[in-house]
Each structure stands twice: as structure tokens, then as C-alpha cells.
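Going down the list, the protein sequences come from chains P and X. The opening position of the first sequence corresponds to residue 1 in the numbering used here, with each subsequent residue numbered one higher. The opening position of the second sequence corresponds to residue 1 in the numbering used here, with each subsequent residue numbered one higher.
Treat the hints as calculated values from the structure; they're not laboratory data. Treat the hints with caution; some may be incorrect.
Calculated lysine-lysine pairs in the DSS-like style (CA-CA distance at most 27 Å, straight line) [said to hold, decoys possible]:
#1 P:98 - P:72
#2 P:113 - X:211
#3 X:69 - P:110
#4 P:72 - X:211
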Amino acid sequence: MSDKYQKDLSIEVLVGFFMFIILIALGVFTIILSRQNFLQKKYPVAVRFEEVSGLRDGDNVFLRGMKVGVVKETVLKDNQVVVRADLDTPVQFREGYKVEVVSSSMLGGKQLKIEEGPANAQPIPEGAVINGTTPTDILEELGSAVASVREITDQVTTGKGTLGKLIYDDAVYDNLRDVTDKLAKGEGTIGKLINDDAVYTDLKASMSNLKEISERLANGEGTLGKLMSKDEQLYKDLSVSMANIRNITDKVGSGEGTLGKLVNDDEIYNEARKLLAELRAAIDDMRETSPVTTFSTIFFGAF
Amino acid sequence: MIAPFKEIYRYLDLPIRSFRRLGNILLIACHDMGNALIMLASATLYIRTIWKPRARRETAQQLYVTGIKSLGVITVVAFFTGMILALQTGLELRRFGQEVNIGTAVTIVMIREMGPFMTALIIAASVGSAIAAQLGTMAVSEEISALEVMSINPNRFLVMPRLVALAVMMPILTVYTNILGILGGGIVGSTQLGVAFQAYLDNATRYAENKDLYVGLFKAFVFGIIIATVSCYQGLNTTEGAVGVGRATRQTVIISFLMILIVGYMITRLFYI
Chain P
1 MSDKYQKDLS IEVLVGFFMF IILIALGVFT IILSRQNFLQ KKYPVAVRFE
51 EVSGLRDGDN VFLRGMKVGV VKETVLKDNQ VVVRADLDTP VQFREGYKVE
101 VVSSSMLGGK QLKIEEGPAN AQPIPEGAVI NGTTPTDILE ELGSAVASVR
151 EITDQVTTGK GTLGKLIYDD AVYDNLRDVT DKLAKGEGTI GKLINDDAVY
201 TDLKASMSNL KEISERLANG EGTLGKLMSK DEQLYKDLSV SMANIRNITD
251 KVGSGEGTLG KLVNDDEIYN EARKLLAELR AAIDDMRETS PVTTFSTIFF
301 GAF
Chain X
1 MIAPFKEIYR YLDLPIRSFR RLGNILLIAC HDMGNALIML ASATLYIRTI
51 WKPRARRETA QQLYVTGIKS LGVITVVAFF TGMILALQTG LELRRFGQEV
101 NIGTAVTIVM IREMGPFMTA LIIAASVGSA IAAQLGTMAV SEEISALEVM
151 SINPNRFLVM PRLVALAVMM PILTVYTNIL GILGGGIVGS TQLGVAFQAY
201 LDNATRYAEN KDLYVGLFKA FVFGIIIATV SCYQGLNTTE GAVGVGRATR
251 QTVIISFLMI LIVGYMITRL FYI
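The following block holds chain X by itself, in its conformation from the complex (with noise of 0.2 Å):
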């Protein structure tokens, strides 16, 4: 190569590298992307099947683990995100005397926001990331090769039940984040600001609307389909065998994350705007 051209190559060199890998990781985002969406396709066309036997039993079954087994942790946590957002809130409106307005905050910042948000995040924390070890462990065992060589769709028989389960229960938990937040902010309020409860629960059914506690439903809703996916996905993509299921567990984690503020941002933008 002639000299000039040499030195511009050189100096050329790191920027085309990193463009390069910018744009394998953008291939990558959307082949993943694409593939997780032609998997939440075939496993939502498989909900017809629901009905058979087996996948009822496998759908009660996920339906149980994600709703009642994660009741002890959502309610902890749905409590005591109520009662913190009544003292933040009721400590600052307390400076202008107003502190009988905490009803009305916490009712609309949980029934919109924070309910469908938590739960969200414990469930992805705890469900998608027990998915993504289940499935990647299957995945490395070769037990996903084996159910294909036995003309057993995963979609149908793994994805489709977890997506029905964590869709369903969204909503369920969410509701019931709600009512614990509601709750826990009533008890701090007449326990800690001195509003009376019977106040707190006037105030709070004064400006939320039904609006505000459909669409939080209908956003619980479609963080259940995202975790439901990329959990499926990241598992059923496992290799590497038990590095690959932490990294995929891992990665279930902070995918659903990510998708779970930007989607929750996209639809009260969506609704709100």
C-alpha cells in the first residue's frame, strides 16, 4: 500500500472498527429481535390448543408458579411502596398543609405507574429469570433437541403456557399491587402524617379514573408479554451449557428491565400526551 494511503488507513482504523461492531450489534439486536417476535407469533397462535389436556395443566401450572408463589414477595413489596410513597409525598405536601392530598398521589401514582412497574420487576426478576434458567438448562441438556426430534413444538408446549400465565397474572398482581399500595399508603397516612383513613380513602377515589387504572392494567399486560418472551427466548437460546444459563438469566434480567421502562414510557406517552 503507498505510504499516504497507509497512514489514513491508520488513523481510519479504530473508527471503522467500532462503526463495524456497531453495526453486529445492531444485526444481532435485530435478529434476536425478529426471531423473539416469530417465537411470541407461533406460541401465540398455539393458544388455541390451550384447552388440550396437557397444556391446561402445564398453564394452571405456570399460572400457580407466577400469581401465588410470588404473592409473598408482591405483597412486601406493593405495602411498603405505598407507604414510602405516602411519606415522601405527605412530608412535602405537609409544608403547604395539604397533607390530606397523599390519597389522591398515591392512589394515581400506583394505579398508574408503580403498580404495573413493580410488579412488573418482581416478576421479571423472579419468574423470567426461573424461565430463562428452566428453558437454558433444557436448552444445554439437549432436552429442547429431543422434544423437536419427538415433533414436539417448544413453542406450543413450552413458550405458549409461560406467555398465557405471565400475560394473565400481569394484570391480576397488578390489581393487587394496587390495592396493597393503596393500603400501605392509608396506614402511614393516618399513622404518621395524621389524615384520617376514612379522608385518605375520600381523597383517593376523588381524581382517579378509571382510565388511569385500565391502561396501568393494560400496560401490566404487555410487560407480561415481554417478559414472557425474552425470558422464553434467551432461554430456549442457551449454549455454552451453566455459563450460558447464568449469562441468559442474566441477560433475561436486564433485557426485560430495559423493554419494561421504555415500553411503560411509550404507553403513558401513548394515552397520557
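Isolated chain P, as found in the complex (with noise of 0.2 Å):
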């Protein structure tokens, strides 16, 4: 073999490697942008549409968030673009389910947008007919606003509502000028907080008094100040005195001690009630002898 037929060899082998290599790249690249994975199984879906406001073939399909398949054709059928997508994973759509055509971004592009219904809902059959949401033209929506506001301004122009008016009622200005007169010279409660010293002097001399009054507070100066007070000693001493009334109460309500035995002992109740029937009794009979004694005392008081 000549040197120079090995020569040619090795060039044409190494343009043919290169070619190659190209090639298997070039297929790599065209399966990546026909976006379709040939292994993977798919599962079709058509939606009904009244209108995909730009919808295209290969745009993406969105199951929550997750992209799970691309749109396979978009075709003209019976006044309604029927929409046909190639999903990764079986969707099952139940009543109360929602497709729509959204933006991609804000640059532009279109993605289906698929809620599949709330989980609890009943299951739509296979092969029924899936409806989809006509999407919202932006554009549109902005042109409407647009008109509205233009209306509103128009109505504003020709002094009429509450805006017009303000702007061009004369009246309006001239209550204004009243008002902001009288304002200027003091008159009427609002006037005269403008204008007079003395409320602010009074309202300075209360701010004053609260600041010293929560100044006291926060130092824990007085009783309320005591209360508040970080060191919760009042507090401790309060918490006491309670444990202690109750104490107390406990045992006048077990009828434990002398104002236990006063409060439960019917007793000492009974007894009082004899003593004062008896103490009434006596002076009674001192009543009916008391003649008699006084008689007696000036009587025998002579001798």
C-alpha cells in the first residue's frame, strides 16, 4: 500500500468520522426540537375550544405547574378548534375541570393550561368530549378598560357626577373659598384649632402630664406603677394576700375557729336567739317592776 494511497485513505475516513458525527447531531437536534420523545408512551387528549388565541402546534401543556406533554395539532372543526395534545402521563379529568389556553410569558407564546377538577368530584368518562375555556385577549380586555376610563374622563369634561362637578362647579370652589375663609380667620372649632394658641398650649400641657404620668408608670412609681412594675413584688404580695383570704375562707366555710363555728354552727345561733329571748324577757319584768322599785328607792332612800 503506497503512502500516498494511505494518505487519501486517512483523509477520507476522517472527513467521513466528522460527517458522521455531524450527522448523528444533526438527528439529535431534530428529535430535541420536534419535542417528542419516540420511547415514551403517550397519552392522547382532545380538547374542544371556541377559540386558542394562537395556540400551536408543539406549544407546551402544563398539569400544575409541571410540564406533561405538547400540543400535537391544533385543527378547525364543526366552528370549533379542536385541540389535540400528546400527554407523558394519564390525566383523568373530573366535573368541574378546567383547560385554557394561557401565556407562556410576557413575551409571548402560548402553553395549555389543564386543571384536572377537585379530587373528590365525580370522574368524566373516557372518550367524552373535553371542553376548553376561551381564553381571556388581554388586548382586548385592555381596549375595554381603556373605553371606560374614557367614558369616565368624557363625563368628568361635561361637569357631570360628583368629579365633574367638583372640577367645574363654581359653587364648589366658592364653598371651598368660604370655608378655607373662615378657617383662616379662626372661626368655628376646626378654625379656631388652627389658629388659637391655647389648644395647642392645653394639648401640650396633656401631652406633658401623660408623658410624666407613664414616665411614672415605667419607673414603677405608685400604686398602678407598682403593678406594672418588672419586679412583680406587688404581684407576689397580692398572690399572697389572696392565698391567705382564701385560706381563711376555706376554714370559715369548713367551720373551723371562732367565725367558722359562728357561720356553720347552728348552735351558737340557737343559743343567741335563747339568750336574747331571755334578755328580753328580763328587762321586761324590770319594765313592770320598775314602779315598784323606784318606789321603793325614794322610800326607803329616806331612811
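Starting from two chains that each stand alone, build the complex the way the hints lay out.
Shown next, in the form of C-alpha cells:
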């Protein structure tokens, strides 16, 4: 084998190898751009729309924010657009499902958004027609919004409505002028508030007092301050006092001690009543015998 | 001549001469274009002889020169073209918080336009000028005449292998340019613009279509034919020695660039409007 032939052969091999590599790359590129995985099983779904706002073949299909497939084709049929999509995962549509065409970014582009319906809803039978929601045309919405704004500005310009009167009716201006004049002269409550320094002085004094009170509270001075102080001494004292009072009332309730017996023991009550009855009888006796006693005292007093 | 007519003729002399010169230029352009197309048709007809050993060897040699020998410069140019595209579009898109979309921008621009265009410019400047210089030197040293004397058709022996090599290699090199350009854009996106490489790739393949890729490759194929035709024609028709060779080389680069731009626009308009 001559050197020249070997050189020619190596050149041909090199060129062929390079072309082979690039052709494989081109094949991969083509498959990637076709957005189709030939080895993965596909689950076709057809959705009917009134219109699709520029949805195109190859646009992505999203379910709960996840890409689950691509739009395979869009076909005009029976005054509707049938969108056929190939999904990577099976989707069970349920009552209350929603399929809509949404913008994929601010720069444009569309995508199909699927919401399969609430989990506890009735499943849609396989083969049933899936109806998509007609997409909102943002430009149309914007146009109607601008028309509304224009209508409002027209009404304002012609002096209609509150805003129109506010801008164009001189009476409003006159009233406003009158009010501001009165305010400037210090007439009325607000006028006095604005013009009279006494109000300011009073307010300042009040604020000063409030500030002093709040400072005293913060420093724990006075009863309220002590109540609010951080060392909680008063709270602890109060707590101990309350515990003591509860202890006393418990004892009284259970009939312990003098006061408890007084409250709970009926015998003392009966004795007291009896004593009172006897005391009353004794007083009655004394009252009845008082003339005799007086006479006796006077009579025997002379001796 | 009567005096008034003489005066009128004097005033009309400059426009008439300009018009005549323009007509001459147009005639030469038409003549050159016709000859070049006849040469192209002749070379195309000889493609059937490509499997003969000598033609196959010559074609392989031209494929090697056009493809493998140009890889270095194409690698650098493609990589930096992608990087520049990513940086420029990314900086503008960042204003709107949309820098993640640089993948889409770089991929579509590369496979539709910049890939074939940049490859064609490099090949026209390096391979096209080399072909014109080589054939020009052969022409002024009367090697072409010698071939004709030996009944060897220069279109079969010289033009056809170069035409095939450029027509085949241009789309191949364009695929290479596209891949490197997109990778370059991804590197700039991930290092300079904070776009994750995976996000860049996801975005790159979201909106580009096979049509974009194959229209780009078709453009590259047409550019290859243009470069081969212009360079071979300029080379074979070289006169006036070394000066003529230089002129042929310069003319090849200029005409190729202009034709690439004009035909590129026409193909874009044909497929996208």
C-alpha cells in the first residue's frame, strides 16, 4: 500500500468520521426540536375550544405547573378548534375540570393549562368531549378598560357626576373658598384648632402630663406603677394575700375557728336567740317592776 | 457641428458617459453571471463522475480542506458568536427580569441566521479565497489551458469537487456552528447572567422548531454553492499574473459576502413571510 493511497484513505476516513458525527448531532437536534420522545408512551387528549388565541403545534401542556406534554395539532372542526395533545402521563378529568390557553411569558407564546377538577368530584368518562375555556384576550380587556376610562373622563369633562362638579362647578369652589376663609379667620372649631394657641398649649400640657404619668408608670412609681413594675413584688404580695384570704375563707367554710363556728354552727345561733329571748323577758320584768322599785328606792331612800 | 447642438452635447456628455459606463457594468455583470451559471451547470452535470477514483480523491481532499481544516477558526467564531448573542440579549432582557429567555433568543438566532451566515463568511474568506487564488495561479501559469489541451475539462476536474465539497460541508459545518454557538450562550448565561444551564437548555428547545433548523441548513447549502461558483469562476478567469490573482481573491470575498447577504435575505423572506 503506497503512502499516497494511505494518506488519501486517512483523509477520506477523517472526513467521513466528521460527517458521521455531525449527522448524528443533526439527528439528535431534530428530535430535540420536534419535542417528541419516541420511546415514551403517549396519552392523547382532545380538547374543544371556541378559539385558541394563537396556540401552536409543539406548545407545552402544563398540569399543576408541571410540563406533562405538548400540543400535537390544532384543527378547525364544526366551528370550533380541536386541540390534540400528547401527554406523558394519563390525566383523569373530573367534574369541574378546566382547560385553558394561557400566555407562557410576557414576551409572548402560549401554553395549555389543565386543571383536572376537585379530587372528590365525579370522574369524566373516557372518550367524553373535553371543552376548553375560551382564553381572555388581554388586549381586548385593555381596550375595554381604556374605553371605560375615556367614558369617565368624558363625563368629568362635561361636568357630570361628583368629580365633574368638583372640577367644573364654581359653587364647589366658592364653598371651599368660604370654608378656607373661615378657617383662616379662626372661626368655628377647626378654625380655632388651627389658629388659637390656647388649644395647642392645653394639648401640650396634657401631653406633658401624660408623659409624666407614663414615666412614673414605667419607673414603677405609685400603686398602678407598682402593679405594672417588672419586679412583680406587688403581684407576689397580692398573690400571697389572696392565698391567705382563700385559706381563711376555706376554714370559715369548713367551720373551723370562732368565725367558722359562728357561721356554720346552729347551736350558737340558737343559744343567741335563746339569750336574746331571755334578755327581752328580763327587760320586760324590769319594766314591769320599775315603779315598785322606784317607789321602794324613794321610800327607803329617806332612811 | 452647429453651435447650439455642440453646447447641448457638451452638457449631455457627462450623463451619457455615465449611462454608458453603467450599461457596460451591467453587461459585464450579466456576462459574468451567465458564464458562472453555465460553469455551475456544467460542474453539476459532472457530479455523476464523482465515484471515479481520481474525482473521489479530489473531492475527499476538498472536503477535508473545507471541513476539517476550517474547524479551528469556526470553533472560535461559533463559540464567541453564541456568547456575544447571549450577553447582548441577556443584558436587555434582564431589564424586564426575562433573562431566562436568552436560551430561546440565542437558539433561534443561531439556527435561523447566525449559524449559516457566520459559517458562510468564514468559509468564503478562508476556503473561497484560497480556491480563487489556487485556480487563479493555475490560470495565469496556463495550467488550465494545459488541462484543456489534454482534453480534461476544468469544470469536471477542478470545479465539480470544490462545488460538491462546499455544498456538502457548509450544512455540516453549520450544524457544528449552531451547537457550539448555543453552548457558548449557555456558558455566558450560567456564568454571567445567573441562568442555570439546565434552564437555558429547556428554554432553548421550547420555541425553536425543526423548520428553523432546516431552513438554516438550506441557506448554508445555497451559500456553499455561491461560494464555490464565485471562487471557481473568479479563479478560472484570472488574467494579468500575480496582480490578477490578488484581484480575483479580493473579488471572490467581496462578491461572496454580498451574495450571501442578499440571498440570505431572500431565503428568509421566502420561508418566513
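Going down the list of hints, with the structure as the test:
Simply put, residue 98 (chain P) and residue 72 (chain P) have alpha-carbon atoms about 19 Å apart, close enough for the 27 Å limit, and the pair holds. Note on residue 113 (chain P) and residue 211 (chain X): the hinted pairing holds, with a Cα-Cα distance of about 26 Å set against a maximum of 27 Å. For the proposed pair residue 69 (chain X) and residue 110 (chain P), the alpha carbon gap of about 44 Å is over 27 Å, so the pair is violated. Proposed proximity of residue 72 (chain P) and residue 211 (chain X) is supported: the alpha carbons are some 16 Å apart, at most 27 Å.
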